[in-house]
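The hints should help you fit chains V, G and D with the ligands onto chain W, whose structure is shown.
Residue numbers (this note's numbering), protein chains in the order written: chain W, 92 to 599; chain V, 450 to 836; chain G, 6 to 376; chain D, 48 to 460.
Treat the hints as calculated values from the structure; they're not laboratory data.
What you are looking at is a predicted structure, and each value in this text was computed from that prediction instead of being measured.
Treat each hint with caution, since some may be false.
To be verified - Going by beta-carbon spacing under 10 angstroms, a handful of chain G positions derived as facing chain D:
#, residue
1, Asn112
2, Gly113
3, Ile150
4, Gln342
5, Ala349
6, Val351
The beta-carbon is built from N, C-alpha and C at its ideal position, and this holds for glycine as well.
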Amino acid sequence: MSTAIELIGITKRFPGVIANDNINFSVEEGEIHAICGENGAGKSTLMKILYGMQPADEGVMKVNGVEVDFSSPTDAIAAGIGMVHQHFMLADQFSVIENVILGSEPTTVGGILDFDTAKTHLAEVGDAYGLTIDPDDFVSELEVGERQRVEIIKVLYRGANILILDEPTAVLVPQEVEALFDNLRELKAAGSTIIFIDHKLQEVLEISDRITIIRRGKSITTVNAADVTAGDLAELMVGEELPSPETTESTVTDVVALEVQNITVLDEYGRPVVHDVSFKIHQGEVLGIAGIEGNGQGELVDAIVGMERPLSGSVYLGGLDVSLKSVRQRRDEGFGYVPKDRHEAGLLLVAPLWENAALGHQTKPPFAKGWWIDRKGSHQRTDEIRERFDVRSPNADVAAHALSGGNQQKLIIGRELIGDPKVIILAHPTRGIDVGAQAAVWNEIRSARAAGQASLLISADLDELIGLSDRIVVMFHGKLVAELDPAEITPRLLGSYMTGAALQGGAQ
Amino acid sequence: GGGSDDVSTDTTEAAADGEGEAMEDEAMTDEEMAAMEDEAMDDEAMDDEEMAAMEDEAMDDEAMATGDFNVGLTFDVGGRGDQSFNDSAAAGIDLAESQIGISSSEAEPNADGSNRAELLQLQADNSPLVIAVGFLFENDVKTVAGDNPDTNFAVIDSPMLDFDNGATPFADNIAGLTFAEHEGSFLVGAAAALKSETGKIGFIGGVSGFGLIEKFEAGYIAGAKAVNPDIEITSSYITEFPDFDGFFAPDRANEIASAMYEGGADIIYHAAGGSGGGLFEAAKSVSEASGSKVWAIGVDSDQYNTADDEVKEYILTSMLKRVDVAVFQIIHAQAAGEFAAGNTVYDLSVDGVGYSTTGGFVDDIVDQLEDFKAQIIAGDIVVPTEP
Amino acid sequence: MNTSWTRRLVLALAAPVSAFVFAFLLSSIVLILSSYNPIAAYSEMINNAVKLESIIDMLNEATPLYISGVAAAIGFRMNLFNIGVEGQYQLAAFAAAVIGAKVVLPNGLHMLFVMGVAMIVGGLYSGLAGLLKVTRGVNEVISTIMLNSVATLGIIAGLFPRFLEEKADGAVGLGTTPLAETAWIPNLNGVVQIFTRDIVKGRKLTGILVVAIVVGILYHLFINRSRLGFDVRATGMNPLAAKVGGVPSKKMILLAMGLSGVVAGLVGLPDLLSKSHSYDQGFTKLRGFAGIAVALLGRNHPGGMVGAALLFAFLNTSSGVLQISKTASSEIVTIMQGIILLAAVVAYQMVAQVRQREEIKAASEATGANA
Amino acid sequence: MSFTQFQKLPAYYRWPILAFVGIVVLALVQELTGQGLLTSTTTIQTALKWAMPILIAGLGGLLSERCGVVNIGLEGMMILGTWFGAWGTLQFGSPWWGLFFGILGGAMGGLLHAIATVGFGVDHIVSGVAINILAPGTARYLSDRVFAQMDGGSISQSPRVESLGGFTWPVLAKGPDLFGRVERLDWFIVSDVFGVLRGLLFQMSYLTAIGLALVPISAFLLTKTRFGLRLRIAGENPLAGESLGINIYRQKFIGVIISGGLAGMAGSLIVLDLAQLYRQNQTTGRGFIALAALIFGNWKASGVLAGAVLFGYPFGLSLRDLEGTATRSLLLVIAIALVVVMVWAFTKQNIADGILAGTVAVGSLLFFLFTNTAPSWLPGTMPYVLVLLVLVFASQRLRMPAAVGLPYRKGGS
Ligand SMILES: Nc1ncnc2c1ncn2[C@@H]1O[C@H](COP(=O)(O)OP(=O)(O)OP(=O)(O)O)[C@@H](O)[C@H]1O
Ligand SMILES: Nc1ncnc2c1ncn2[C@@H]1O[C@H](COP(=O)(O)OP(=O)(O)OP(=O)(O)O)[C@@H](O)[C@H]1O
Ligand SMILES: [Mg+2]
Ligand SMILES: [Mg+2]
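Pulled out of the complex, with its shape left as it was, chain W reads as follows (with noise of 0.2 angstroms):
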């Protein structure tokens, strides 16, 4: 065996970080290479500048044993690696055709594509391994297993034996990573070299050879995934002891604070997406809820915080019928809100920390004095979270974006939870952000169940929702199919109720 990849004292600085700081990494041919650390350790610019995406400060590359020097990823393409970003790199409107065969497109004369030559070609790929895909669908069409598959079709498309992997299981449901996995160990077998990051111990475990940990924009160590465990590696990733979601004793009251009645919800198109949802959630209580995403959780909490009507049903909250009340009614009413992605929908980005803060909580002191904002009151209470909730930052003043994604998480979620609210509903809370920053949000999740409060809580990390919920309802195709105890279920079994496999009381 020899070694396709060889990094050799790699760094790369950006302004204030040292992304990469002399790395060093090698992969042999044929195997399955995982790359472990935590946010912000600097895996994504290892790979992005082995693809040629971004060009590193030093360092030396090989390939195959050869010195290469990439200016874009045509030349990394040229040497027959691919790579599959940590967010899918698809334009939505592009058939999956046309998405697959960009920048590497046959034509006939004049830069005319050819289409046929195309598909056929994609044909070949797809039945070489075992990757089906209708190459006329549209993109904005595809589920999000279908475009991991048309992502890594793109990447066997042009025909690359090195493929790197950026975290494609972040999105996926187990069955789906099986499946992933299946197809990860064929492409082995016929000889192709896979990088794969992941946050997720267990299934690096599982899947690879060797694994390589970074820490803070270090190589610390290359092991044999045979000779560790998952404590192991996330000792190594973070010098200390894999932080678990687990919950102790239950402090589930009978008092109801958040009652869903009846919830039916339609798409643009007029059909159910959520059809006819009821549930309770009592104080000092935490309901999961499982399901792939896609499967109408969206449009549920959307319809539960206010953000859009419901065909039907009402919502109460501590009794009280909010069914007609505004977002910021219900806010006031005592609801707060995690939402699944801290930059589309939590954040002012360009704003400072003590605005993103206030966001809200705007009509309220100590943010509002009547109809003013409260510059000081607001700055006061900002800090409070700063410290509180261990968000890092040189002030309350600097603008969210200079923020890594674990502070800014722990900033929405000091927001959230520092006004006392009754119900909380958490989207996918710990979502792309390292093992330190998880154990401070799951840390923070707990004590406000022990005081008392409600919450709701959506995650794709199903180990999160096992540990930290009270109950689990599964959410299928619009409607919950299933109510489970989180002390009786594993990840397993609850992927196959997410998938529609498993039936309440049920056959397997």
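Chains V, G and D with the ligands alone, transformed into the frame defined by chain W:
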């Protein structure tokens, strides 16, 4: 004659008639008027020889006043360079520079028209005489003149009289220079009717709704009907006040003219400033396409002289509006220390309006036109000012 | 602390100053190419600008530009591109002139009434674009462009003939019946004369300047200090996050468009209250578009737009003196405005990048220090 | 065929069908009101002529927005096109040179826009506004330097320039004149359709031919070529393009420069085809209208054509309509169209739309019934009202390129 004075050695018809509205002070000899008439209004079209000839003539004339003061010529937005009305005013200044010896400064407001008053004031700071080209200056001149009693102001196309107060001048230092466009238009209307073979003629106005262009239309219609009561006249305006684009839209004029020609009109008169070029183009292309010649009639200056060679042969005549004469005369009056407030009407009787004969296309009907002219001057024909 | 304060000042000034220098150099080249003497031209501009009378002209010119800038900025703060200030203010002024001439009211009250009508009409017309956006999803850029033409070519052109002042025979010139003197705004010459000499040559500092100052202060308080302004800004920065934070986005669109139009309604008032006192042939146009430039150059900042309006006014008033003194042609002024605007926005962008980099650096240092 | 089926048809079927329906309605109204301008050859020619600058500038906007850059500077680039179009013709003696330089002049405006927005990351609208301020000043300055020195030119206009001219399609519109024959048969609708078609082919100016050809060409370019695919990714998801080795900056630069070139072409068309001279302020806001046509056309070439015709038709008609009766009868056309919209909305259970359409239809009908000729302000206003109306009923269906107007930096966010 009521208007003879020590400056001019001769009296014009207007002075002889002693019409109340007519020019009060005569500053120009007949010869000069005649000489200028033959000239292009645009200095570019006036070749050096002619220029020299005119200068010589002026030198011979001991009565010509001289002065070395500055005249502030103020155009309106986008006015300068229209090869028509505005350039005619510039031609008057040029003539005054060479003959009277004045200097001049030109200015044009910003695109939003916000600084008309400020410009007038700046001009007044440097010049004892400020000429504003266009009635849009009316209100601003009233104000600025009040603040500058030592500077004289003249506004072209506005009488600058207080009609609520017995049509007296607004102030001693404000003069209006207006034109009997309807009378000149009458003559070209008559020419059109005389020349038309189809019995259909057209009129294109630049901007309707502020009264001025309607004067052209009214005279044109009256002139045509005087020749042929059954003549069909189609009128169209490019835009409506307060949208002044109609004066700057040769493309639209071209289209409207084509529609008129295709509807059977064979002669079209325009009073649309810078849009007129479109009419000439239409005349050319329709003539070429249909094989039978159609005509255009120009306005303000003798457009045969300023138009491109390609389209000259389609310009039957032009209605002359002697802004150059008016400008020259007011400067002359100023030089002679005879600036008089109030309105001066440049009408047919003083050749302040008229028609051009360049190209020779109307030579055969000049007698009839001159006959109409005489009747108008005599008051036998009263030309309406509203269509 | 002190050094960071000076640093911030330098950063704040870097963009406008470098843009100005750049524009200055480029304009000089243009002037030289057209065989004018740039030094003569600039000194003519400066000499003119330091005269009291010219300063009055400049302030009179800057006043409506500033108001127009604020009108545009209110929309910009919410990422609403209100190109319709042009049509809104013309329509508002027309309506105010017509209605204002028909009422009899005591001194002062009459003036406020005219202002009120203008603000309401401007607000309603702009609000229409907001309503179309909220209820029908019509892009406000397009709807306001369309509404501009509808207002000027349709509504005003259609109604104008009906409201013309009756004039004696022979009088030319068109306008609505002038407003009674009770509606005129007093000029500020008296105030200026307290500080300097008498103002001569009939210059009158428009009282609308006070309105503009009030508009500027209210704009600052509204946008930067009020809860509602926070909602507007939040929606502008991230509509979804604002909505999650309880800001009703549709209402905000209506509010911002409406307020933008209300302020736009004031743009035409100098003509009505202190110049011709009617909507007439010489009514000043294009200030809506100029306001967009002022807002962009002034970065929607209440103080920045003061500078931008003054700069544009300075250039506008210079065009006259350049022409009359024959030191340069007037186009140089428009060219300079364009270059300054373009250079300024490029410079702002570059400074913003520097600033952002520094902020990130500071943030990651904080992280490191605490970790 | 149901409406959804109809919507699924490719553009080259959909638009002709719609156009046919439109002609039928026009023909009907023509019969009803008893005047012949609505579908006459000359009206169609005029409409087409007036649609052309909007169409070509709109296609310019299309190329720019498809690569992610909002181009509100189209107006300024058109102005540069008018100036350079005239100058090129005068300087080199041929209107084809004028066209060349007009395109080049507009492209320089595009380059400036690209440098500011793509190179420096300046907000697209800001840069566009600046260009719109800069261009007229530059054109006037250049006129003073150049045209004012020429015979017949001045600071605000150029001497006359030669037209590009045109040609008549043989056989169909000339010689045997097949279409003309059918038109003269005066068969209801059939003759109208052929009148319209002949209008298209008779004395078609070269620029009109080029402009019309540009529609399928740009559609083809965008959807069927490598160049188009790469251009579009810059407007949809530039990071995705970058990750596949596509130089997004290059795509954007090319797109915006071509956009400027097309705007310049549109400007020189005004000079070379419509006016035959350069005149200050000649574009009269057509760049903005082109932008409206682009949005109206849902960022598709065929849609831009539809939008341009929507503007060009009533405008051209009003110029041809010396009595003002034809423009008035357009009110009836609008009423009929709105009734169709109303019926459609009600069948879709869209009560609000239905009531709105019905109300406006009744208003339009009343207006029609209580006037004899169009009031003079109507023709000038009609195109704008029409576009507003269409957007009121169609805006929800529009979809702009996903990344248009967003700043792009290499290496991502
Ligand atoms: N394009 C960029 N320009 C400047 N700074 C950047 C850029 N991308 C990331 N950063 C910086 O990176 C840090 C964010 O780090 P990190 O990668 O840990 O976040 P993250 O957890 O990946 O966040 P997210 O989940 O939102 O992507 C911040 O300091 C941020 O300012
Ligand atoms: N474009 C950029 N500009 C400035 N800083 C950046 C940029 N991209 C990354 N960084 C910095 O580099 C560091 C490494 O980022 P990188 O995205 O490689 O982390 P990562 O290990 O992939 O994190 P994650 O697990 O969140 O994906 C970040 O902390 C961030 O501060
Ligand atoms: Mg990251
Ligand atoms: Mg990463």
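Worksheet entry | Hints violated by the structure (listed by number, smallest first) | Numbers 1 and 2, in rising order.
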